[in-house]
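Order-wise, the sequence lines are chains A and B. First residue of the first sequence: 1, per UniProt numbering; consecutive thereafter. First residue of the second sequence: 1, per UniProt numbering; consecutive thereafter.
Don't take every hint at face value.
As the list claims (entries may be wrong) - Just a few of them, taken from the derived set where beta-carbon distance is under 10 Å, the chain A residues facing chain B:
id, residue
1, Met10
2, Thr87
3, Thr93
4, Ser147
5, Ala257
Derived from the structure by calculation, the hints contain no laboratory data. Backbone N, C-alpha and C fix where the C-beta goes; we use that ideal spot for every residue, glycine too.
Okay, here's what each chain looks like letter by letter:
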Amino acid sequence: MERDARVCVMGEDVGHYGGSYKVTKDLANKYGDLRVLDTPIAENSFTGMAIGAAMTGLRPIVEGMNMGFLLLAFNQISNNCGMLHYTSGGQFTIPVVIRGPGGVGRQLGAEHSQRLESYFQSIPGIQMVACSTPYNAKGLMKAAIRSENPVILFEHVLLYNLKERIPDEEYVLNLEEAEMVRPGEHITILTYSRMRYHVMQAAKTLVNKGYDPEVIDIRSLKPFDLHTIGNSVKKTHRVLIVEECMRTGGIGASLTAAINEYFHDYLDAPVVCLSSQDVPTPYAGTLEEWTVVQPTQIVTAVEQLCR
Amino acid sequence: MERKAQTWVTLAYQEKPGSLPEGREGFLESSQPDMSKYLLLQSRDLIFSNFNWRELCGNPPSFLGNSPTLFGSRRFESIKSGREELDLEYENGGHQNQAMDFPGGRISFTSEMRFVSESPRERIPCYRVLDDNGHPIMHSSFVEVSKEEALKMYTSMVTLETMDTILYEAQRQGRISFYVTSIGEEAINIATAAALTPHDVVLPQYREPGVLLWRGFTLQEFANQCLGNKADYGKGRQMPIHYGSNKHNYFTVSSPIATQIPQAVGAAYSLKMDGKDACVVTYFGDGGTSEGDFHAGLNFAAVMEAPVVFICRNNGWAISTPVSQQFRSDGVVVKGKAYGIRSIRVDGNDALAVYSATRTAREMAITEQKPILIEALTYRVGHHSTSDDSTKYRLVDEIEHWKTARNPIARFRKWVNGNGWWNDEGESELRANVRKQLLQAIQVAEKAEKPPISDLFTDVYESLPSNLCEQEELLRESIKRHPQDYPSDVPT
Chain A
1 MERDARVCVM
11 GEDVGHYGGS
21 YKVTKDLANK
31 YGDLRVLDTP
41 IAENSFTGMA
51 IGAAMTGLRP
61 IVEGMNMGFL
71 LLAFNQISNN
81 CGMLHYTSGG
91 QFTIPVVIRG
101 PGGVGRQLGA
111 EHSQRLESYF
121 QSIPGIQMVA
131 CSTPYNAKGL
141 MKAAIRSENP
151 VILFEHVLLY
161 NLKERIPDEE
171 YVLNLEEAEM
181 VRPGEHITIL
191 TYSRMRYHVM
201 QAAKTLVNKG
211 YDPEVIDIRS
221 LKPFDLHTIG
231 NSVKKTHRVL
241 IVEECMRTGG
251 IGASLTAAIN
261 EYFHDYLDAP
271 VVCLSSQDVP
281 TPYAGTLEEW
291 TVVQPTQIVT
301 AVEQLCR
Chain B
1 MERKAQTWVT
11 LAYQEKPGSL
21 PEGREGFLES
31 SQPDMSKYLL
41 LQSRDLIFSN
51 FNWRELCGNP
61 PSFLGNSPTL
71 FGSRRFESIK
81 SGREELDLEY
91 ENGGHQNQAM
101 DFPGGRISFT
111 SEMRFVSESP
121 RERIPCYRVL
131 DDNGHPIMHS
141 SFVEVSKEEA
151 LKMYTSMVTL
161 ETMDTILYEA
171 QRQGRISFYV
181 TSIGEEAINI
191 ATAAALTPHD
201 VVLPQYREPG
211 VLLWRGFTLQ
221 EFANQCLGNK
231 ADYGKGRQMP
241 IHYGSNKHNY
251 FTVSSPIATQ
261 IPQAVGAAYS
271 LKMDGKDACV
281 VTYFGDGGTS
291 EGDFHAGLNF
301 AAVMEAPVVF
311 ICRNNGWAIS
321 TPVSQQFRSD
331 GVVVKGKAYG
341 IRSIRVDGND
351 ALAVYSATRT
361 AREMAITEQK
371 PILIEALTYR
381 VGHHSTSDDS
391 TKYRLVDEIE
401 HWKTARNPIA
411 RFRKWVNGNG
421 WWNDEGESEL
431 RANVRKQLLQ
441 AIQVAEKAEK
451 PPISDLFTDV
461 YESLPSNLCE
471 QEELLRESIK
481 RHPQDYPSDV
491 PT
């Protein structure tokens, strides 16, 4: 926001309140409450507003208080955000960033535990990335803001408290690149967002059991970084996808299809995808825990795949 | 008044005017120093309405005037135009008990249980300047129009009508695939456009090609878009009449209804940030006011004090749905008040009235930095589109009546003729010329090259990503293998 006067933020309670997860804390004090705009409660409309502002030269960042609320903005995101650059013959660009907390939290109830990346993945014209660490959150956010394409940046409700030492200076990550978390030889584990941490926890157990998993945080959900993923598959010949999306129509489903299509010859076993079940997330803590893939399940899946 | 010493208040302390207020809470005591620094936000003590600043501290905060209370949020200094003068009246004596403080402001109460009627005894009157015979109504106030301006408006209206008629016929003959006319709404199209400057940003629905015509879009450019050829600015990607031109500040038409309304507010937000001497104008029909985007767009614009003029073409029909089935309010103009937006109802078939209202609305929007709503009453003479036959749901007589007796072009013609600015000769020459030019433009557009296959994949993103490169390859291979299955006139 300091570098470019055109960058602005809009969303519910992003101003003095600092946002539902305090992501925009103090920005209103620094940049004023026009550049950090509190909007009335109408997601479709402030997303539309961001699109109109972008078409007029600003670079807005829209915050969904919870990503699930952006279902109300689907019309604007799909029909206008994704399409207007194309249908206008390239005359108008829409460099918006749509971001917010999503994923399954701790007992937030079904409506606040949505994984919207699965619903948005078909929309032509948008890019989707998911951050998972303080380091890649900063880099991906900067990249998203500077991109001329509309980008949806998925943050996770349970990852805001992570602490990490990151460089003070500017750095921009590549929106289309996956992140090699742990190189290995036996199996490729593809994941993103919070599931990265479950995978790394499982990886510890697996290493103790003598396995050597390669863990890749795919980060770019649309488009997939098939270059990094492909190189990994060609090396290990086994793939396990671990995601939080529902089984039907999730990111994992698309990724499975893409891997089968491009790297079938390199696979020694079918691609396995661990996802949440096709149920609304229940409120009860014990039930909620079992809708999310747990490290023990990841360990079992790897053991079975590597038999 | 003993309680004044114990009154619990929430205040915002402001070091100096224009600086950031910070919140403070506490009991307000009579020994409180310099109350002028305090901005009262909320009082939990209803008796506070009896509070008398002068009595307490002798020095009421200057920005409050005589009023002791201010509710709602204040804008920070980043919004220069946001400072509102409180206009609440503080009354002494007997009226003290007749008002209550609530979040949102002070309200006087009544002990009579009275429901506000759902239908007014009288509808909001409609502003018009010219009568049906094109004579200015006595004592009407309007913005003067020069001869040159008036003739440009008139000839543009005729051009628009001719263009609509010919392109509609072209669709019927199979030369273009689809068309939407603006017949009957020429005055709204042209007169609103004439009242704006080229810097004002326009977000249309789809029945406003006249605005683009006024701004200099040529008949050839219209034809190119309808035929989807290589010269179309949209590169052949959209349906006919989905015009868009960034150099004319006319945002590309997007089919879904009312999506442009919140976008207009966003564009106005951008203009406001840059302090430009321009406003945003967005159009929609009576049907569009039912969409959620209408509600939220108007609400936002009012809260944000956005310089946007909302123009509703209330033409009586949303495809086959008459307004009586669209809403039960007194049309659209009353909705403005509900959002705190200044509004006017105007005779949409009276070009002078539409011009005056739009000019004035534009001035207000820019100088006062607030939204304005204009409801232009008119009639959709044509069918909704070439996919519709409106005689199936409305009377032919009704359509004829509006086509002839209430024709906006004829009415304006009578006025320009009456001023000695135009005559019948000019009329037939104009129509013949436009017709000839347009027919030629269509021919040229038909013969022109179509956009190439590569344009199917470009502009989805800023640069072509690998998956689209691949998909383009696959398509090209397919075309090479089975050329007879693909249109031969699309260049590869």
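Hints, verified against the model:
1. Met10: holds (8 Å)
2. Thr87: holds (5 Å)
3. Thr93: At about 7 Å, which falls below the 10 Å cut-off, the nearest Cβ of chain B leaves the hint on Thr93 of chain A intact, so it holds.
4. Ser147: holds (7 Å)
5. Ala257: violated (12 Å)
Of the numbered hints stated above, the single one contradicted by the structure is hint 5.
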